[in-house]
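Residue numbers (our numbering), protein chains in the order written: chain A, 1 to 305; chain B, 1 to 366; chain C, 1 to 295.
No lab work stands behind these hints, which were simulated from the structure alone. For glycine and all other residues, C-beta sits at the position ideal for the given N, C-alpha and C. It cannot be assumed that every hint is accurate.
Computed list of lysine-lysine pairs in DSS-like fashion (alpha-carbon distance at most 25 Å, straight line) [unchecked claim]: (1) Lys117(A) to Lys257(C); (2) Lys257(C) to Lys88(C); (3) Lys88(C) to Lys152(C); (4) Lys91(B) to Lys211(C); (5) Lys294(C) to Lys282(C); (6) Lys211(C) to Lys88(C); (7) Lys152(C) to Lys117(A); (8) Lys30(B) to Lys71(B).
A few chain A residues that face chain C, going by a derived Cβ cut-off under 10 Å, partial list only [as the list claims (entries may be wrong)]: (9) Phe21; (10) Pro65; (11) Tyr68; (12) Leu88; (13) Gly92; (14) Met95; (15) Val97; (16) Cys294; (17) Ala296.
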Amino acid sequence: MSEGSQVREEAKTGSRRLIPFNVALVLPAQLTVLSIVLVPTLMIIWLSITDWQPTQNVPWWDAEPVWYWNFYDLWYDERFTNAVLRTLLLVGICMVVELTLALALALLFLDEWPWRKLAVSAIILPMMIIPVDSANAFFMLFNDRGPINHLISIVIGEPYTFSWLSHPTWAMLPIMLCEIWQWTPLMFLMVLTGLMSLPQNQIRAAVLLGASPTRIFFRIMLPLLLPVMSVAVLIRSIETFKIFDPIYIMTRGQPGGATESISMYMYNGAFVYFRMGYIAAAALVVLVLVISICLALSRPLKRHG
Amino acid sequence: MSDAKLELLDLKKSFDAVEAVKGVSMTVHKGEFLSLLGPSGCGKSTTLSMIAGLEEATSGDIRVDGQSVVKVPAQRRRIGLVFQDYAVFSKLSVRSNLAFGLEAQGFPRTERRQRVAEMAERLQLDRILDQSAGRLNMSEMQRVALARVLVTEPQLLLLDEPMSNLDAALRFALRTELKRIQRSLGQTVLYVTHDQLEAISMSDRIAVMRLGELQQIASPEEIFTRPVNRFVAEFIGDPPINLLDCEVRRDGARAAVQTALHGPLDLGPLEIAEGRHLLGLRPHTLSLTREPGPGSAATEVAVVENLGAEHVAHVTYGDRLVAVTLPPGSVAEGERLHLSLDPAQVHLIESGSERVVAHSLSGVAA
Amino acid sequence: MRKRNPWLTALMRLAVIFSLLISLLPIFWLFSTSLKPHDQWAEWPPVWITDSPTLQNYRIVFFPEDAREVAAEQQGSLDYKVSGSAWKAFQDSAIISTLATLFSVTFGTLAAYSIVRFRTGGENFPFQFLTVRMMPPIAVVVPMVALFSILKLTDTYMGMILAYTAFTLPFSIWMIRSYLEEVPAELEGAAMIHGYSQFRAFLTVTLPLAKGGILATALFIFILNWSEFLFALVLTSGDVTTVTLQVANYVSASSGKLYGVQAAMGTISTLPVIFFGYIIQKHLVRGLTFGAVKR
Numbered sequence: 001m002s003e004g005s006q007v008r009e010e011a012k013t014g015s016r017r018l019i020p021f022n023v024a025l026v027l028p029a030q031l032t033v034l035s036i037v038l039v040p041t042l043m044i045i046w047l048s049i050t051d052w053q054p055t056q057n058v059p060w061w062d063a064e065p066v067w068y069w070n071f072y073d074l075w076y077d078e079r080f081t082n083a084v085l086r087t088l089l090l091v092g093i094c095m096v097v098e099l100t101l102a103l104a105l106a107l108l109f110l111d112e113w114p115w116r117k118l119a120v121s122a123i124i125l126p127m128m129i130i131p132v133d134s135a136n137a138f139f140m141l142f143n144d145r146g147p148i149n150h151l152i153s154i155v156i157g158e159p160y161t162f163s164w165l166s167h168p169t170w171a172m173l174p175i176m177l178c179e180i181w182q183w184t185p186l187m188f189l190m191v192l193t194g195l196m197s198l199p200q201n202q203i204r205a206a207v208l209l210g211a212s213p214t215r216i217f218f219r220i221m222l223p224l225l226l227p228v229m230s231v232a233v234l235i236r237s238i239e240t241f242k243i244f245d246p247i248y249i250m251t252r253g254q255p256g257g258a259t260e261s262i263s264m265y266m267y268n269g270a271f272v273y274f275r276m277g278y279i280a281a282a283a284l285v286v287l288v289l290v291i292s293i294c295l296a297l298s299r300p301l302k303r304h305g
Numbered sequence: 001m002s003d004a005k006l007e008l009l010d011l012k013k014s015f016d017a018v019e020a021v022k023g024v025s026m027t028v029h030k031g032e033f034l035s036l037l038g039p040s041g042c043g044k045s046t047t048l049s050m051i052a053g054l055e056e057a058t059s060g061d062i063r064v065d066g067q068s069v070v071k072v073p074a075q076r077r078r079i080g081l082v083f084q085d086y087a088v089f090s091k092l093s094v095r096s097n098l099a100f101g102l103e104a105q106g107f108p109r110t111e112r113r114q115r116v117a118e119m120a121e122r123l124q125l126d127r128i129l130d131q132s133a134g135r136l137n138m139s140e141m142q143r144v145a146l147a148r149v150l151v152t153e154p155q156l157l158l159l160d161e162p163m164s165n166l167d168a169a170l171r172f173a174l175r176t177e178l179k180r181i182q183r184s185l186g187q188t189v190l191y192v193t194h195d196q197l198e199a200i201s202m203s204d205r206i207a208v209m210r211l212g213e214l215q216q217i218a219s220p221e222e223i224f225t226r227p228v229n230r231f232v233a234e235f236i237g238d239p240p241i242n243l244l245d246c247e248v249r250r251d252g253a254r255a256a257v258q259t260a261l262h263g264p265l266d267l268g269p270l271e272i273a274e275g276r277h278l279l280g281l282r283p284h285t286l287s288l289t290r291e292p293g294p295g296s297a298a299t300e301v302a303v304v305e306n307l308g309a310e311h312v313a314h315v316t317y318g319d320r321l322v323a324v325t326l327p328p329g330s331v332a333e334g335e336r337l338h339l340s341l342d343p344a345q346v347h348l349i350e351s352g353s354e355r356v357v358a359h360s361l362s363g364v365a366a
Numbered sequence: 001m002r003k004r005n006p007w008l009t010a011l012m013r014l015a016v017i018f019s020l021l022i023s024l025l026p027i028f029w030l031f032s033t034s035l036k037p038h039d040q041w042a043e044w045p046p047v048w049i050t051d052s053p054t055l056q057n058y059r060i061v062f063f064p065e066d067a068r069e070v071a072a073e074q075q076g077s078l079d080y081k082v083s084g085s086a087w088k089a090f091q092d093s094a095i096i097s098t099l100a101t102l103f104s105v106t107f108g109t110l111a112a113y114s115i116v117r118f119r120t121g122g123e124n125f126p127f128q129f130l131t132v133r134m135m136p137p138i139a140v141v142v143p144m145v146a147l148f149s150i151l152k153l154t155d156t157y158m159g160m161i162l163a164y165t166a167f168t169l170p171f172s173i174w175m176i177r178s179y180l181e182e183v184p185a186e187l188e189g190a191a192m193i194h195g196y197s198q199f200r201a202f203l204t205v206t207l208p209l210a211k212g213g214i215l216a217t218a219l220f221i222f223i224l225n226w227s228e229f230l231f232a233l234v235l236t237s238g239d240v241t242t243v244t245l246q247v248a249n250y251v252s253a254s255s256g257k258l259y260g261v262q263a264a265m266g267t268i269s270t271l272p273v274i275f276f277g278y279i280i281q282k283h284l285v286r287g288l289t290f291g292a293v294k295r
């Protein structure tokens with residue numbers, strides 16, 4: 001602490017400048033973010049009250065204002081609300097599955113055993129595949145005449161050529177599996193890190209008091225893992241919420257919007273139907289939603305460092 | 001009916017090529033407070049881990065109440081262990097910490113509550129029962145670690161250097177506390193420490209270990225007055241024993257030992273080779289006088305250490321210094337005095353084997 | 001807990017093997033498909049390991065002009081439509097990813113340094129960058145299209161580079177911040193006593209010590225840029241392309257997706273990510289949690 005203020009003193013006694021040195025250092029980063037992120041965000045506010053459709057050859061600043069009508073329409077837009085709910089459900093399911101799998105895997109990899117390091121490298125390979133490539137791979141896997149159907153055929157004894165990605169309910173499954181497959185390794189690494197830094201003596205003490213492995217796991221280890229797991233879930237939830245690549249590659253949101261996440265919905269609305277003003281309103285709603293959740297969580301976030 | 005609570009039979013532990021524990025055998029009696037004393041690396045903590053079941057013995061047997069427990073997993077040995085860092089369950093309340101062992105062993109709720117309440121009161125934890133165990137100070141943590149183990153009424157209580165994290169005042173208070181509880185519960189305790197003062201003040205018996213081997217196991221008084229070898233003689237005693245070079249000479253049927261400045265002491269019928277050996281003199285057994293006495297040596301006070309209740313005078317003896325304990329204010333630095341020893345309280349240490357072959361000698365040889 | 005019964009161990013080993021199989025299945029399928037001749041792409045029952053492996057798919061990726069020739073060699077009248085060129089895709093991706101990484105890491109290091117040593121902007125300042133990562137990019141991309149059209153940045157390298165820089169800055173700043181925090185400030189103080197200015201001390205003393213972490217951050221951000229899809233999809237329209245876009249360009253009017261060729265492109269395009277990913281393996285967790293979780 002004292003070194004920091006010492007250092008600041010040094011900076012102040014330096015030559016007088018227009019901008020303090022430390023501020024100048026953050027300027028490049030700050031300006032980039034301001035121009036690429038903040039300015040468009042402000043533009044959303046304008047766009048959201050217009051009905052800008054680029055196909056009509058009207059520049060966006062000249063677009064016809066419709067004031068609150070976009071929001072009114074959004075409220076009653078089933079496709080939009082479905083997309084929001086669907087995305088939240090997807091995030092929920094993926095989080096639960098990823099966390100459980102990650103915990104199970106981490107427990108398997110906790111002790112030393114031969115080839116363990118190699119196995120870890122193989123387990124984390126999915127993380128290092130470009131998302132569009134893994135989406136493509138899953139597209140091929142779940143093809144009507146693909147290996148997944150083949151395996152099912154072997155199990156049930158007769159040919160099974162279900163068209164996964166054309167089914168309104170089941171199409172979400174390959175998408176979720178792709179997401180889970182890709183990111184469970186990350187959760188696994190985080191949970192493993194947490195497990196390996198658990199205070200060993202607490203676990204030994206529990207053993208000596210006669211506790212079964214189950215009791216030790218649930219009453220001692222899990223509570224100690226809570227901070228790491230919270231960070232993992234928080235960060236992955238945010239990223240999963242934005243899901244786009246797998247859906248675009250595998251279904252484009254079809255059939256009939258049944259697999260649309262929020263991002264896919266907005267993409268379709270803006271770049272397929274070209275109703276950018278309307279989508280700007282949707283974007284505003286989503287941004288407000290996301291930022292308020294973040295502000296609400298900002299205090300517990302800071303407490304966890 | 002033997003009253004042996006714990007028996008170690010030729011217990012050995014090797015880590016790859018390193019032999020940490022080399023064939024330790026001993027018996028701990030019911031209700032006894034026995035300390036495992038020794039410097040770092042002597043194998044005492046490893047021995048403790050094996051008794052608890054956290055480490056597997058390489059060979060040898062461990063018996064509790066006559067039954068071998070080496071094949072019994074740590075969960076079921078019902079042996080309590082207090083770790084050096086206490087390892088309280090930081091995410092649970094103090095109450096849950098105490099109840100943990102009882103819950104794990106299936107005690108019904110009413111009995112759990114009762115036992116926890118009793119033990120909490122006994123160790124003055126009743127006021128902080130609902131606090132989170134992660135926010136306690138050292139003394140509270142130690143009591144929680146102790147309480148949660150005692151509440152399960154273990155067959156044996158093991159403590160691994162539990163006082164090393166505490167300051168001197170706290171140590172003193174907790175020593176007496178621990179002793180009091182042990183007595184009132186009749187608990188058999190095995191206490192690992194490197195602090196000889198702790199061991200001496202608390203134990204019924206002390207087992208001194210060095211480099212994986214048991215050196216001596218006896219009451220504190222016996223270890224102090226009749227150490228079995230040089231290591232034990234040097235390890236126990238504060239200030240440490242003075243070791244002086246001496247020479248044994250045989251002259252026909254008589255043998256005598258002589259140090260640099262003192263007159264020769266009669267060895268009597270003692271079997272020991274001629275030549276150079278060591279003579280151990282405890283600082284408490286030496287005296288300084290103004291006038292010379294029989295067999296005394298001339299000496300000068302070099303340094304006086306003030307230890308509060310007593311002083312330690314370091315006096316010259318040939319080319320080295322010898323420590324003598326005295327009441328405060330008896331001597332001053334620079335004084336020329338005469339140093340006398342008490343032949344009934346000298347230890348003759350045979351060179352080579354390092355064993356103490358005599359704990360007293362008859363007197364000045366003619 | 002050390003003595004575990006052999007049944008449990010066997011079960012655990014089985015579980016590990018099963019997990020490994022699942023981890024590798026999609027990757028295996030992708031690679032295997034990339035070696036399949038056309039007639040085996042969508043056969044039933046599906047071909048797990050081809051008995052006649054071919055490099056034709058890779059040939060089409062790298063030499064799209066040979067597509068017709070290859071189509072003719074295959075039986076039946078296939079129309080292989082290949083738009084765009086893999087070479088350009090790799091080239092553009094390399095340019096954009098590298099430059100965007102450079103900007104991001106440079107700006108990020110300067111900002112992180114300012115935050116760590118001077119506490120610039122107070123406690124909450126770094127969190128604003130996290131908010132950038134929290135918004136769905138699609139939400140921002142709609143007005144960005146409008147903005148870029150005015151600034152003439154649509155379908156340009158610079159536009160893409162700026163977009164990538166802005167959206168990876170949160171990672172740079174937070175990751176580099178955690179690495180800089182590990183270098184004690186006293187070292188700069190010691191240099192300053194010898195007459196160095198604060199900034200010079202930073203450049204000559206602290207930076208070299210943190211360079212491992214900064215390099216890891218750079219590779220991490222490169223991976224993010226290389227794998228990015230949405231911005232590439234929306235902000236370009238032909239002049240600029242990326243490897244992620246190129247994979248989608250292997251469709252034919254009559255036979256739909258050219259699975260084999262897509263798989264070949266997919267396999268190759270992901271190799272840099274695998275390569276760099278394993279190099280920075282130890283830093284991945286720190287990166288993806290913005291420095292919150294360290295080994």
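Each hint tested on the structure:
For the hint linking Lys117(A) to Lys257(C), the alpha-carbon distance of about 38 Å lies beyond 25 Å, and the restraint is violated. Of the supplied pair hints, the one linking Lys257(C) and Lys88(C) holds, its CA atoms being roughly 21 Å apart against a limit of 25 Å. Pair hint Lys88(C) plus Lys152(C) holds up; C-alpha atoms about 22 Å apart against a cutoff of 25 Å. Note on Lys91(B) and Lys211(C): the hinted pairing is violated, with a Cα-Cα distance of about 38 Å set against a maximum of 25 Å.
Pair hint Lys294(C) plus Lys282(C) holds up; C-alpha atoms about 9 Å apart against a cutoff of 25 Å. A C-alpha spacing of about 32 Å is found between Lys211(C) and Lys88(C), which places the hinted pair above 25 Å, so the restraint is violated. A threshold of 25 Å between alpha carbons decides the hint, and for Lys152(C) with Lys117(A) the separation of about 50 Å lies outside it, so the pair is violated. Pair hint Lys30(B) plus Lys71(B) holds up; C-alpha atoms about 22 Å apart against a cutoff of 25 Å.
Interface restraint check: Phe21(A) against chain C, minimum CB-CB distance 7 Å, threshold 10 Å, status holds. The beta carbon of Pro65(A) comes no nearer than 15 Å to any beta carbon in chain C, farther than 10 Å, and the hint placing it at the interface is violated. For Tyr68(A), the interface hint is violated, the least distance from its beta-carbon to any beta-carbon of chain C being 19 Å, above 10 Å. Hint status for Leu88(A) relative to chain C: violated, with the closest Cβ pair at about 13 Å, above 10 Å.
About 17 Å separates the beta-carbon of Gly92(A) from the nearest beta-carbon of chain C, more than 10 Å, and the hint is not met. Restraint check, Met95(A) versus chain C: the minimum CB separation of about 15 Å is more than 10 Å; hint violated. Violation of the interface hint for Val97(A) is found here, the shortest Cβ-Cβ separation to chain C being roughly 13 Å, above the 10 Å cut-off. Because the closest C-beta pair between Cys294(A) and chain C is about 5 Å apart, less than 10 Å, the hint holds.
The beta carbon of Ala296(A) is not positioned within 10 Å of any beta carbon in chain C (closest approach about 12 Å), and the interface hint is therefore violated.
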